Each structure stands twice: as structure tokens, then as C-alpha cells.
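Protein chains in written order, with our numbering: chain A, 293 to 536; chain B, -19 to 20.
Hints listed in this document are in silico derivations from the structure and should not be mistaken for laboratory results. These numbers come from a predicted model, not from an experiment. Where hints are given, some of them may not hold.
[As the list claims (entries may be wrong)] A few chain B residues that face chain A, going by a derived Cβ cut-off under 8 Å, partial list only:
1) W(-14)
2) Y(-9)
3) L(-2)
4) I9
[Claimed, not checked] Far from chain B, some chain A residues (derived; all Cβ distances over 12 Å):
5) G357
6) I360
7) L408
8) L422
9) T426
10) R432
11) Q475
Ideal Cβ placement from N, Cα and C applies to all residues, glycine included.
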Amino acid sequence: MQAQTRNRQWPWVAIVLSLAVAFTLSMVSPADSVQGDLVRIMYVHVPAAWLAYLAFFVTFVGSVGYLITKDLRWDRIAAASAEIGVYFTGLAIALGMIWAKPTWGVWWTWDARLTLTAIMFFVYLGYLALRRTTDDPVVRAGRSSVLGVLGALQIPLVHFSVVWWRTLHQPPSLVRPDGPAIQDPLMLTALTVGVLAFTVVYGSLMVKRIELIKLDDRKVAIEQSIERPVAGEAVTVPDLGASS
Amino acid sequence: MSDWGWVAFAYAVAYGSLGVFAGSIAVRIRNTRRSIGETE
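All chains should be modelled from the sequences, with the hints used to inform the complete structure.
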């Protein structure tokens, strides 16, 4: 039993350890010559945005997998990843706003990258809401898989928006044709480790979220297997005078 | 607010919300296990 409990706890340990390493590196890396210490916000903002892409891509893969195989395990992966993706998208938007206020002088501007990210956030909120419209797992998986595939079309649109349109948002920091924009090795390490640490966090959260979906399915199956009285306690035995 | 103040604010939001999000999953797992009679 103890070994089983330990096996269940490793994702939490992985989350704490990876974030501790990322936090330490982001604090000891040097300040930027232009942004100053505000550059440290990038070490959490960029990983959060990367995780949003990854999570929604996994939702796309899970949705395609379900539509092809009709196996509900694919749908579980898609659902778990979408919920985590919505969290990371919201976090990326919030951290971007906190960075924008002292840098641009405004919390928000209707820039192409920001606007498309906000739209992506609401589309996947809609995905989660759509999943709550029915209790039938097959109907739920079918409907949400279609949205999971269509929603993924936004991922390249959001990422390349800074290349395709003239925007206030800076171009990609790491994935660029001419190499990373950051030259300082310690700053590049802090950002890369931040991305890796958040990826470990995503993987660990996926393990626990899928565990929760399986438990929920088991709970529903147990509830449905219990024979319920048609009218419950409202039906009483009529008194035919035997007690008098 | 100073640059370090904004940095502290951002990290409090990032790590705080991550803790709440992960914690909520942990609590939901524990409660669901209990409701179906499984031990921890």
C-alpha cells in the first residue's frame, strides 16, 4: 500500500523539484540591458505560452485519435490536456499583462498576438463548457473531438501572428529561423530550463488529471449500477386498518 | 512599483495559481476516491 501511495505521489514531487530549479535559475540570471529585471517575467510567461500550445496540440491529437478509433481513452487525454491548456493560456495572458504595464504603459492592447490568444482562451473555455452539456460519454466525446480538431487551427495562427502582421508584441524568443534572440548563455539557460520545467509540470498534471477522469468514470459506473427505488421514500405502505 | 515589485507580483501569480490548480486536482482525486470507497 505504501509503495502504491509513493507511486501516486511522484508527479507532485516532480512539479516541486522542477519549479524550484527553474525559479533559482530565473533569479540568479543577469538583468537585461533594455528590460532590466523585468526580463525575469519572461522566464514564466514564455513557458506558460509554450505549454498552452503543447496542451492544445495534445487535445488535437486526442480528438483525432478518438474520431478515428472511437476509443474513450483518447477523449480522456484530450479533455485533461484542454483543461490544463486553458489554465496555462490564462496564466500566459495574466503574466503578459503584468509585464506589459511597466514596459508598454498599458495592461492590454488590441494587438494581433494578444487578441488571438484571448480568442483561443475563450474557444477552449467553450470546449470545456461543451463537455458539460451531456453525461453520455460517447456523445460528449464526439462533440468535443470536433471542436478539439477545429480549435487547433488557431495554434499556428497565434504563434505566427507576430511574423505575419505588424504587432507590438515581440517576435518569438526561442524558435526562430536565425536562432534564439537571447545571446547571454545564463539568460538562455534560464529560459530553456523554465520551458523544460513547465513541460514536466504539464506532464505531471496530465498524469493526475487523467487519474481523476478515470475515478470520475468509475464513480458514475458505480452510481448507475446501484438499483434505485422508482419513487424513493415518497412511496409508503398504505395503512389498511391493521394497526387499529 | 519597482521592477522587482512587478517580478514578485508575476511570480506570486504564476506559482500561486499553479499551486491552487494542482491542489484542486489533488483534493478532487482524494474526495472521489473516498466517495467510491477507495483508500488513499
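Status of each hint after checking the structure:
1. W(-14): holds (5 Å)
2. Y(-9): The hint holds - Y(-9) of chain B has a Cβ within 8 Å of chain A, the shortest such distance being about 7 Å.
3. L(-2): Since the shortest Cβ distance to chain A is 7 Å, the answer is holds.
4. I9: OK, holds: I9 of chain B within 8 Å of chain A, min 5 Å.
5. G357: holds (23 Å)
6. I360: holds (29 Å)
7. L408: holds (22 Å)
8. L422: Non-interface label stands for L422 of chain A: nearest chain B Cβ at 20 Å, farther than 12 Å.
9. T426: holds (20 Å)
10. R432: holds (18 Å)
11. Q475: holds (21 Å)
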